[in-house]
Amino acid sequence: MIPEIGHFALILALLVAVVQGVFPIVGAAKGNVAWMALAKPAARTQFLLVAAAFLSLAYTFAIKDYSVLYVASNSNSKLPLQYRVAALWGGHEGSLLLWAFILNVWTVAVTFFSKHLPQVTRARILGVMGLISVGFLLFLLTVSNPFERLIPAAIDGRDLNPLLQDPGMVFHPPMLYMGYVGFSVAFAFAIAALLGGELDAAWARWSRPWTTLAWVFLTIGIMAGSNWAYYELGWGGWWFWDAVENASFMPWLVGTALIHSLAVTEKRGSFKAWTVLLAIGAFSLSLLGTFLVRSGVLTSVHAFATDPERGLFILAFLVIVIGGSLALFAWRASSVGKGGAFDVLSRESFLLGNNVLLVVAAGSVLLGTLYPLFLDTLGLGKISVGPPYFDSVFAPLMAPAVFLMGVGPIARWKKAELPELALRLRWAFFISLATAALLPLWLGHWTPMIGLGLFLAAWVLLVSLQTLRERLTVSHQSLPERIRSVPLAWWGMWFAHLGIGIFILGVTIVKGFETETAVRMKTGDVAHLSGFAFTFDGVKSIEGPNYIAAQGTINVTKNGKAIATLNPSKRIYTVQNMPMSEAGIAASLTGDVYASLGEKLQDGAWSVRIYYKPMVDWIWGGCALMALGGLLALSDRRYRAAKRKAVYQPVPGAVAA
Amino acid sequence: MKRLLILGPLILFVILAGFLAVGLHKDPSEVPSPLVGKPAPQFSLPRLDDAQQSFSPKEMLGQVWLFNVWASWCAACREEHPVLLELAKTNAVPLYGMDYKDTQEAAQKWLQNGGGNPYIHSVMDETGRVGIDFGVYGVPETYLIDKKGIIRYKQTGAITTKLLSDTILPLVKRLQAE
Amino acid sequence: MRHYLVLILMMLLPTSLLAEEAKPLAIDPQLEIQVHRLSTELRCLVCQNQTLADSDAPLAEDLRVEIREMAAKGKSDQEIIDYLVARYGDFVLYRPPVKATTVLLWAGPFLLLLIGLIGLVLILRSRKQIIATPLNIDESRKVAELLNKES
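Chains as they are written, first to last, in the working numbering: chain A, 1 to 657; chain B, 1 to 178; chain C, 1 to 151.
Simulated from the structure, these hints should not be mistaken for laboratory data.
Quick reminder that beta carbons are idealized off the backbone N, C-alpha and C, glycines included.
Heads up, a few of these hints could be off.
Computed beta-carbon distance windows for the label pairs [said to hold, decoys possible]:
1) C:V46 to A:R412: 31 to 39 Å
2) B:G8 to A:I542: 56 to 64 Å
3) B:E126 to C:V46: 12 to 20 Å
4) A:E543 to B:P94: 49 to 57 Å
Sample of chain A residues at the chain B side, in silico, Cβ under 10 Å [stated by the list, open to error]:
5) G281
6) L288
7) V297
8) F374
9) K382
10) P448
11) T574
Please model the entire structure based on the sequences and the hints provided.
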């Protein structure tokens with residue numbers, strides 16, 4: 001009964017979405033107030049209906065109803081409750097329902113926080129989001145129905161893939177989708193602006209908080225996924241340039257470019273057409289990612305079960321949405337004005353440089369991800385493009401962007417003076433160079449990549465400290481007063497940039513100085529690695545809710561002092577009879593000790609892999625700081641419209657831009 | 001110039017969509033064999049029915065033949081088995097098999113339970129070494145070898161009746177006429 | 001009596017000292033360095049997004065054994081790679097080879113960068129041409145009035 005209610009709710013939602021998509025946009029074009037007014041109630045009704053469908057599927061999972069095919073394929077009676085619910089997005093159909101649900105969450109949020117927008121604009125925005133929803137609901141109802149019944153019902157389910165039975169599964173996909181799907185708001189703003197022909201600073205100011213919030217979620221989602229892979233997969237890798245990872249990273253890169261571009265458009269009215277294109281691009285990459293994961297054109301450990309029919313549907317949807325929006329762009333963008341003038345060397349030009357580098361990086365990731373497909377379709381053979389390619393291409397592209405990160409924030413708008421910049425930055429520059437040259441030697445060995453990474457990390461950290469000091473020494477107020485007088489937007493930028501520096505530091509140190517050893521251990525044996533002693537204390541058998549495990553105990557000491565106890569284990573999940581390795585990790589600020597249990601060998605010993613990963617947690621710490629920065633930036637008071645009461649004085653010599 | 005810049009993204013997208021559309025019909029995990037057009041790797045392996053005797057591709061020079069890699073633990077081989085039994089009955093082309101990373105006992109039992117032995121002879125590659133020489137990565141895999149001992153066609157995955165009638169048998173006829 | 005007690009205690013004490021240094025899993029650690037290096041440059045054909053070093057698939061294990069045997073015979077990295085490419089094709093290389101068909105792949109990012117930088121320079125130059133006209137005092141006052149009205 002409940003699944004049928006859910007199914008019916010989706011059908012109703014589709015009808016409401018059609019109303020939401022069509023009437024407000026046509027109404028905006030014709031000036032029909034009644035039709036435009038349909039947008040808000042339609043959006044809220046659609047949200048309630050999709051929420052009902054989502055909840056009914058969640059309920060079906062929770063009560064273990066295996067008469068629904070999707071539940072039978074992804075769940076099991078022994079599966080703990082939180083994973084039964086998370087299993088909802090473990091397969092293709094359910095994750096699409098999650099997509100549609102999150103789209104509705106963003107849409108309904110827009111209905112609540114858009115009172116300051118002109119009705120025409122709001123109608124168009126909600127209309128565009130309605131049209132996107134139509135596409136997804138149609139897809140769900142035609143070829144991806146999660147409520148399909150299984151007759152006769154299965155006695156028990158096939159279980160969720162053991163790799164997914166982890167807190168990461170509860171957290172990572174929803175965060176990621178909040179991010180991806182959140183770019184639909186920026187997209188809708190862009191389309192609304194193109195349709196209405198008004199692209200001005202106000203539009204940029206309205207888009208910014210929505211875009212930043214989506215970016216924050218995407219950052220957190222990617223960070224969660226990377227951290228999950230690190231502790232789950234057993235050898236301490238945290239990024240593999242897998243097609244699906246790239247599918248989430250490309251919108252992130254373009255989204256970052258978009259945030260910076262919006263800043264310029266808001267402040268100076270420049271880059272309008274370019275910002276609109278980026279907004280279209282970010283969401284297009286999200287949709288492209290959705291296509292790549294579900295169509296079977298690329299191999300990936302993350303890919304869902306594939307079906308060319310589904311692939312064709314999404315491709316058609318992509319052509320309509322992306323093709324349509326780019327065509328609209330081609331038609332309307334030339335009528336957009338140019339905006340403020342700026343010099344070759346100015347904050348605008350540095351930000352433009354940042355944009356070019358980020359977009360080129362995203363383009364390169366796209367090139368590498370799709371190249372095997374290009375060659376195969378042209379009959380030119382089959383190759384595989386993996387991390388060696390991406391690593392060698394990505395770092396050189398990002399290095400200049402990171403360098404600019406130190407220069408841009410202190411450059412003046414409109415016209416910056418190179419000698420002045422060089423003077424202010426000379427200490428940071430030379431200390432960074434020295435750090436890059438000398439620190440690796442003290443730590444063990446020097447390679448060009450370590451040198452580059454340390455230079456950039458030091459550069460960012462030093463410039464951050466310098467700008468902080470400069471910013472806080474302006475007046476004679478007390479320190480807390482001075483901190484509060486600095487706008488949140490500035491703090492946001494500061495934390496986010498600092499986060500990148502910390503991220504680079506973590507990546508450089510861990511990749512440059514991590515160590516590992518593979519040993520055979522009997523009870524009592526000791527292995528030594530990087531100054532740590534690892535004593536093997538045997539393996540015991542334990543039982544979990546739906547698995548049996550052989551759990552090892554390893555005591556870690558350094559200089560005789562006990563540091564941690566690691567419990568790496570090998571589990572066999574009883575339903576799918578699938579073995580899985582759980583690493584034993586002890587994390588600290590300076591690094592992680594990481595152990596992974598292998599096989600029981602013929603002489604009774606166990607094969608064990610032991611790793612030391614220095615500063616690896618700074619990778620995710622840096623990401624967390626970036627997300628914090630984003631949150632601070634969008635909490636800035638300028639977005640709280642009611643509080644603004646500025647009184648403007650005429651400024652002699654003010655320039656008409 | 002500006003027109004070109006503004007139309008650029010749309011044009012690039014259309015080209016991309018074209019590639020994606022074609023790509024939908026391709027299988028990205030299929031690895032084509034570099035051995036097609038090259039001589040079949042030489043080996044001498046014990047026979048499944050009598051480990052004292054061996055078989056080597058040299059014995060098949062002058063004939064067109066099929067070399068099928070299978071195993072008792074392989075699920076897709078089960079699907080392929082009836083098709084191969086039918087093929088063996090027609091005597092259209094000699095069929096030899098290689099039991100890959102398996103045991104003699106399990107393999108013989110599997111053939112019995114499967115409804116018979118379609119192979120003239122099967123050899124045993126217990127370590128998988130010969131499989132590596134043939135570039136085997138996912139059984140079942142089948143090679144069509146010509147009179148000169150050159151691999152002319154490789155099929156990765158189960159052989160279907162359609163594949164036989166559309167691709168393999170016509171090619172066999174052509175090669176036999178050479 | 002005390003002597004026996006001390007003796008027993010002394011016998012118990014060194015058991016911790018008897019704990020052995022764990023032996024490396026690899027029979028020949030020197031060789032293993034080469035095997036590991038090669039395994040990280042080759043793709044597992046079964047779990048296609050993993051290297052031979054990371055994959056647990058049986059074929060990956062077999063290929064690692066093969067590589068180890070060849071390395072033990074003294075074959076160079078290139079010889080071992082060529083051996084596997086001859087059997088599995090370019091697909092087995094984790095790092096795409098530089099060939100005629102992959103020129104666009106390797107050169108692509110830098111071509112894109114070049115285009116981007118040229119575009120950047122052209123736009124920056126064209127912006128400089130826009131000449132700004134300052135407002136006079138009446139226009140300034142009008143602007144202030146309008147802005148005050150809005151807030």
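Cross-check of the supplied hints:
1. As the Cβ distance of V46 of chain C to R412 of chain A is approximately 57 Å, the hint placing it in 31 to 39 Å is violated.
2. Under the hint 56 to 64 Å, the C-beta atoms of G8 of chain B and I542 of chain A, about 60 Å apart, fit the expected range.
3. A hinted range of 12 to 20 Å for the beta carbons of E126 of chain B and V46 of chain C is consistent with their spacing of about 19 Å.
4. Checking the proposed 49 to 57 Å range against E543 of chain A and P94 of chain B shows it holds: the Cβ atoms sit about 54 Å from each other.
5. Using the Cβ-Cβ criterion of 10 Å, the hint placing G281 of chain A at the interface with chain B is satisfied: the shortest such distance is roughly 8 Å.
6. Of the supplied interface hints, the one on L288 of chain A holds, with its beta-carbon coming within about 8 Å of a beta-carbon of chain B, less than 10 Å.
7. Below 10 Å, beta-carbon pairs count as interface contacts, and V297 of chain A has one with chain B at about 4 Å; its hint therefore holds.
8. For F374 of chain A, the shortest C-beta to C-beta distance to chain B is roughly 6 Å, which falls under 10 Å, so the interface hint holds.
9. Restraint check, K382 of chain A versus chain B: the minimum CB separation of about 6 Å is within 10 Å; hint holds.
10. Proximity of P448 of chain A to chain B is violated relative to the hint, the smallest CB-CB distance being about 34 Å (cut-off 10 Å).
11. For T574 of chain A, the shortest C-beta to C-beta distance to chain B is roughly 21 Å, which exceeds 10 Å, and the interface hint is violated.
In this structure, the hints that do not hold are numbers 1, 10 and 11, in rising order.
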